[in-house]
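Peer 1: Single-letter residue listing:
2 protein chains.
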Amino acid sequence: MQRFSFDTDVAFEPRAETLLEQVTVAPLTRPVHEGSSIQAAIFRIAPGGRIARHPAGLPQILAVLEGAGEVSGASGVAEPIAAGEAVYWPEGEEHETTSATGLTALILEGDGLVPHQQ
Amino acid sequence: MQRFSFDTDVAFEPRAETLLEQVTVAPLTRPVHEGSSIQAAIFRIAPGGRIARHPAGLPQILAVLEGAGEVSGASGVAEPIAAGEAVYWPEGEEHETTSATGLTALILEGDGLVPHQQ
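Heads up: the protein sequence lines correspond to chains A and B, in order. According to this note's numbering, the first sequence is numbered sequentially starting from 1. According to this note's numbering, the second sequence is numbered sequentially starting from 119.
It is worth saying that the hints were derived from the structure and are not from the lab. It is possible that some hints are incorrect.
Which chain A residues face chain B? A few, computed with CB under 8 Å, are given here [what the hints assert, rightly or not]:
hint: 1; residue: Gln2
hint: 2; residue: Phe6
hint: 3; residue: Leu19
hint: 4; residue: Leu20
hint: 5; residue: Ala40
hint: 6; residue: Gln60
hint: 7; residue: Ala63
hint: 8; residue: Gly73
hint: 9; residue: Glu85
hint: 10; residue: Leu113
hint: 11; residue: His116
Stretches of chain A that chain B covers, calculated by requiring three or more beta carbons in the stretch to come under 8 Å of a beta carbon on chain B [said to hold, decoys possible]:
hint: 12; segment: 7-18
hint: 13; segment: 47-57
For each residue, glycine too, the CB sits at the ideal point set by N, CA and C.
The whole structure should be built from the sequences, with the hints applied where relevant.
Peer 2: See the structure below:
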């Protein structure tokens with residue numbers, strides 16, 4: 001059993017990541033490029049922040065844990081999203097996540113990730 | 119872009135799963151046995167509930183999102199855990215999660231899952 005924290009005090013703002021505006025990241029896994037089969041992290045978007053529009057590098061699930069915001073996919077049409085709701089973008093889909101009031105989300109990315117279907 | 123809920127109203131108590139006592143599950147992915155490369159779900163343990171002792175079927179990360187409880191690994195020694203803290207159990211490790219006051223956790227399981235290291 002190995003323990004680690006993903007709380008706000010260990011979250012960081014990735015310097016090389018220009019897509020993130022007022023967003024901190026607290027990893028749960030190693031990144032895929034460092035050998036994990038999937039990567040998972042907690043993203044905390046401050047009020048007015050965003051994960052700017054870009055294509056999904058891998059199949060991705062974003063699950064809102066706290067707060068609310070807006071998400072869009074290929075259409076570019078922003079839709080409200082709040083805690084308890086998730087979205088899946090297949091590899092290559094252009095997407096964006098913004099929040100006027102602040103939002104905490106789990107992001108999962110990996111080859112072969114298949115979302116739950118209701 | 120595909121949307122789905124993982125809120126309390128869609129969570130269910132798996133009937134076939136005798137390890138779960140007062141626990142509901144809200145999947146984020148399809149299960150591994152139905153073709154997803156990893157499986158992720160939100161587990162909500164009611165006060166007094168538990169995920170009973172068993173060996174991890176796959177490498178597993180449990181990340182506590184809300185509340186608090188106790189986790190143990192191969193040693194069987196229960197340690198307190200609370201929101202913002204995570205634990206990794208390698209495949210085969212005996213482990214247990216309990217909560218006297220209630221706990222919501224993300225559980226990730228999959229081959230090749232490598233935890234974040236601090």
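Peer 1: If a hint holds in the structure, say so; if it doesn't, say that too.
Peer 2: Results of checking the hints against the structure:
1. A hinted interface residue such as Gln2 (chain A) counts as satisfied when its beta carbon comes closer than 8 Å to some beta carbon of chain B; here the least separation is about 4 Å, so the hint holds.
2. Hint status for Phe6 (chain A): holds, given a least beta-carbon distance of 6 Å to chain B, under 8 Å.
3. Given the 8 Å rule on beta carbons, the hint for Leu19 (chain A) is violated: about 17 Å separates it from the nearest Cβ of chain B.
4. Here the hint on Leu20 (chain A) is broken, as its CB sits about 18 Å from the closest CB of chain B, past 8 Å.
5. Hint on Ala40 (chain A) holds. Least Cβ distance to chain B is approximately 6 Å, under the 8 Å limit.
6. With a least beta-carbon distance of about 10 Å to chain B, the hint placing Gln60 (chain A) at the interface is violated under the 8 Å criterion.
7. With its C-beta approaching chain B no nearer than about 6 Å, Ala63 (chain A) sits inside the 8 Å limit, and its interface hint holds.
8. The restraint placing Gly73 (chain A) at the interface with chain B holds, with a minimum CB-CB distance near 3 Å, inside the 8 Å limit.
9. Because the beta carbon of Glu85 (chain A) sits about 6 Å from the nearest beta carbon in chain B, less than 8 Å, this interface hint is met.
10. The interface hint given for Leu113 (chain A) is met, as the beta carbon of that residue sits about 6 Å from the closest beta carbon of chain B, less than 8 Å.
11. Satisfaction of the interface hint for His116 (chain A) is found here, the shortest Cβ-Cβ separation to chain B being roughly 4 Å, below the 8 Å cut-off.
12. Counting residues of the segment 7-18 of chain A whose beta carbon lies closer than 8 Å to any beta carbon of chain B gives 3, which reaches the threshold of three, so the coverage claim holds.
13. Using a Cβ-Cβ cut-off of 8 Å, 0 residues of the segment 47-57 of chain A lie near chain B, which falls short of the minimum of three, so the contact claim is violated.
When each numbered hint is compared with the structure, violations occur for hints 3, 4, 6, 13.
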